[in-house]
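A.B. asks: These are the residues of each chain, in order.
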Amino acid sequence: MISIQNLSICLGEFHLQDINMDIEKGSFFTLMGPTGAGKTVLLEAIAGLVPIHKGNIILGGKNVTRLPPEKRGVGIVYQDYALFPHLSVLANITYGLHYRKMKRKDAQERLEQLIDELNLSHLLKRLPTNLSGGENQRVALARALIVDPKVLLLDEPLSALDPSFREEIRKGLQRLHAQSDTTFLMVTHDFAEALSLSDRAAIMNRGKIEQIGCMKDIFQKPNSTFVADFVGMKNLFAAQFKDTRATVDSLEIELARRPSKDHGYIAIRPEDIVLSKEPFSSSMRNAFRGVITGVLDQGLYYEIDLMVNDILFKSMITKSSLFELDIRDGSDIYLYFKSAAIHSF
Amino acid sequence: MVKKEPFFWVTVSCGVIIMAFILLPLIQMLAAPSLTMLKETIQDKNVVRSIWLSIYTAGLAALISFLFGTPLAYILARTNFRGKHLVESIIDLPIAIPHPVVGIAILSIAGKGHWLGQILSELGIRIMGSVTGIVVVLTFVGLPFYVNAVKNGFESIPPRLENVSRSLGASMFSTFARITFPLAWRSMLIGIIMCSARALSEFGAVVIVAYHPMIAPVLLYERFESYGLKYSQPVAVWLISICLILFLVLRLLTLHNRKEQ
Numbered sequence: 022m023i024s025i026q027n028l029s030i031c032l033g034e035f036h037l038q039d040i041n042m043d044i045e046k047g048s049f050f051t052l053m054g055p056t057g058a059g060k061t062v063l064l065e066a067i068a069g070l071v072p073i074h075k076g077n078i079i080l081g082g083k084n085v086t087r088l089p090p091e092k093r094g095v096g097i098v099y100q101d102y103a104l105f106p107h108l109s110v111l112a113n114i115t116y117g118l119h120y121r122k123m124k125r126k127d128a129q130e131r132l133e134q135l136i137d138e139l140n141l142s143h144l145l146k147r148l149p150t151n152l153s154g155g156e157n158q159r160v161a162l163a164r165a166l167i168v169d170p171k172v173l174l175l176d177e178p179l180s181a182l183d184p185s186f187r188e189e190i191r192k193g194l195q196r197l198h199a200q201s202d203t204t205f206l207m208v209t210h211d212f213a214e215a216l217s218l219s220d221r222a223a224i225m226n227r228g229k230i231e232q233i234g235c236m237k238d239i240f241q242k243p244n245s246t247f248v249a250d251f252v253g254m255k256n257l258f259a260a261q262f263k264d265t266r267a268t269v270d271s272l273e274i275e276l277a278r279r280p281s282k283d284h285g286y287i288a289i290r291p292e293d294i295v296l297s298k299e300p301f302s303s304s305m306r307n308a309f310r311g312v313i314t315g316v317l318d319q320g321l322y323y324e325i326d327l328m329v330n331d332i333l334f335k336s337m338i339t340k341s342s343l344f345e346l347d348i349r350d351g352s353d354i355y356l357y358f359k360s361a362a363i364h365s366f
Numbered sequence: 004m005v006k007k008e009p010f011f012w013v014t015v016s017c018g019v020i021i022m023a024f025i026l027l028p029l030i031q032m033l034a035a036p037s038l039t040m041l042k043e044t045i046q047d048k049n050v051v052r053s054i055w056l057s058i059y060t061a062g063l064a065a066l067i068s069f070l071f072g073t074p075l076a077y078i079l080a081r082t083n084f085r086g087k088h089l090v091e092s093i094i095d096l097p098i099a100i101p102h103p104v105v106g107i108a109i110l111s112i113a114g115k116g117h118w119l120g121q122i123l124s125e126l127g128i129r130i131m132g133s134v135t136g137i138v139v140v141l142t143f144v145g146l147p148f149y150v151n152a153v154k155n156g157f158e159s160i161p162p163r164l165e166n167v168s169r170s171l172g173a174s175m176f177s178t179f180a181r182i183t184f185p186l187a188w189r190s191m192l193i194g195i196i197m198c199s200a201r202a203l204s205e206f207g208a209v210v211i212v213a214y215h216p217m218i219a220p221v222l223l224y225e226r227f228e229s230y231g232l233k234y235s236q237p238v239a240v241w242l243i244s245i246c247l248i249l250f251l252v253l254r255l256l257t258l259h260n261r262k263e264q
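First to last, the protein sequences are chains A and B. In case it helps, my numbering puts the first sequence at residues 22 to 366. In case it helps, my numbering puts the second sequence at residues 4 to 264.
It should be emphasised that the hints constitute simulated quantities derived from the structure, not laboratory data. Glycine included, C-beta positions come from ideal geometry on N, C-alpha and C. Some hints could be false.
[What the hints assert, rightly or not] Partial pick of chain A residues on the chain B-facing surface, computed with a CB cut under 8 Å: (1) E91; (2) I97; (3) A103.
[Unchecked claim] Across the chosen pairs, the derived CB separations fall in these ranges: (4) R85/B to D211/A: 37 to 45 Å; (5) N151/A to I20/B: 39 to 47 Å; (6) E158/B to Q319/A: 43 to 51 Å; (7) N151/A to P103/B: 49 to 57 Å; (8) M175/B to D137/A: 32 to 40 Å; (9) F344/A to R189/B: 56 to 64 Å; (10) I100/B to N41/A: 23 to 31 Å; (11) T314/A to S174/B: 22 to 30 Å; (12) K83/A to S174/B: 55 to 63 Å; (13) S342/A to E158/B: 43 to 51 Å; (14) F84/B to D101/A: 51 to 59 Å; (15) K192/A to L247/B: 41 to 49 Å.
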């Protein structure tokens, strides 16, 4: 569906070099990488919004490299929503219908369906400036999807939202993707977000693609230390589930509730892992003994690497805890976390 | 209450001095002529004609700036190209040039000695001593104010809005008409006000290119030269009152529209 061949872009100091990737029709593809990796530039290149120096972009078998954005059938949803501030929510959503040859009845039907799906009916007459982040994001999605684009580009659709809205929009995205033929291409710097939504991904760094493949491969077989660092940061583990128990290699981890059948991973936030010099009894269901293999000063806090059997955990502690616990490389440590602190997906 | 530093009082006094410096002469001038003199002045056909000519030529200068300056301001706000700074400096040039020099420069290409002057005269267009000439001069001095105001207006509109519009199928022109223009028209109006205010106040360049037909500042100068301060004041009062009313109406119109939105 999307085929990018030897794409190079020069924007002043910034370069994208020799980008190659293929994205299947109807899939949900994720582009990941740290800030400044060039993810948004690549999105804008696919949309036709930045000049291309070299290479080709092929959408649905058609070379669109030299086509203007309005002829590409590529929708884009920005992190800051980019809603037209002078138009009502309804006028924002229907903006693209002027340019799309669609029967009035079909257009009306599609509009109603999207309003319904994204729960926008009470907002239609309002101006975007008076809406919350989640509401704005839903309007932006409806506006992009109403013209039924071949490709929908999502630039960090969840990162600007409050956590409560994030889950709602994430589910919305999942539903919308399942219902349409549109290929979704999402940019994010959050690996868990990517895992929950997409099957394939590319990791970018400094204008280059570091690794591309299915989520599981990237996660289990990172091909560079950069990718390993990037995906390994967050205590993410492939797991097998049985009832409320997850098995990660040789470790048994207790979950708060039974995960869905399609889940295959667990994640624990570093700050949710409690460290102790001595074993103690507590209500926390998961307790392990490990060895400290690294202490990294991160300014406000310290990042601690811990090995439990062969599994690497990351934890975060303050400077004063570091001294109180006398944490140093190679010392033994007990780690605890609540079963409710474990996310499965 | 906390005791203020001396510096605070320095800033306050400077502010007061500047206010007085601007307002005192204006108030004095406005208050000087008697009502009968004002009435007599506005019944003087020459005065009415010259004020009307001033407004009309300044308006035309603003219109020309709008037509030619808007696309230029858009390009300057949206693109980066080699020599952009040079173009921006050239646009600002008329602000920096002494006014009589502007008049002389325009006359030097409008005369028969220059090919452009030749072409113009064959077409029957006269610059020297004509309304056309006045409009040319006023556009020359007013254009930078329009372009700069509108450029700032365009720059304050996120390019992402235009990107989204394009991705939804709108052409560049359609995007301009439906997104950029509705968001920028207020800055265009401000540009028009700035440009015509500058054009209305021009004297030095106009007096060289066209002493006749007389625009208001030239008439004012002539009255001052021939009859003295007392006879020029009522003309000045009428000129600035009419201008102030016009600008006020324009401003009110924009405020009114803002509320509607």
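A.B. asks: So which of those numbered hints doesn't the model satisfy?
C.D. replies: As far as the earlier hints go, 6, 10, 11, 12, 14 and 15 are violated by this structure, in ascending order.
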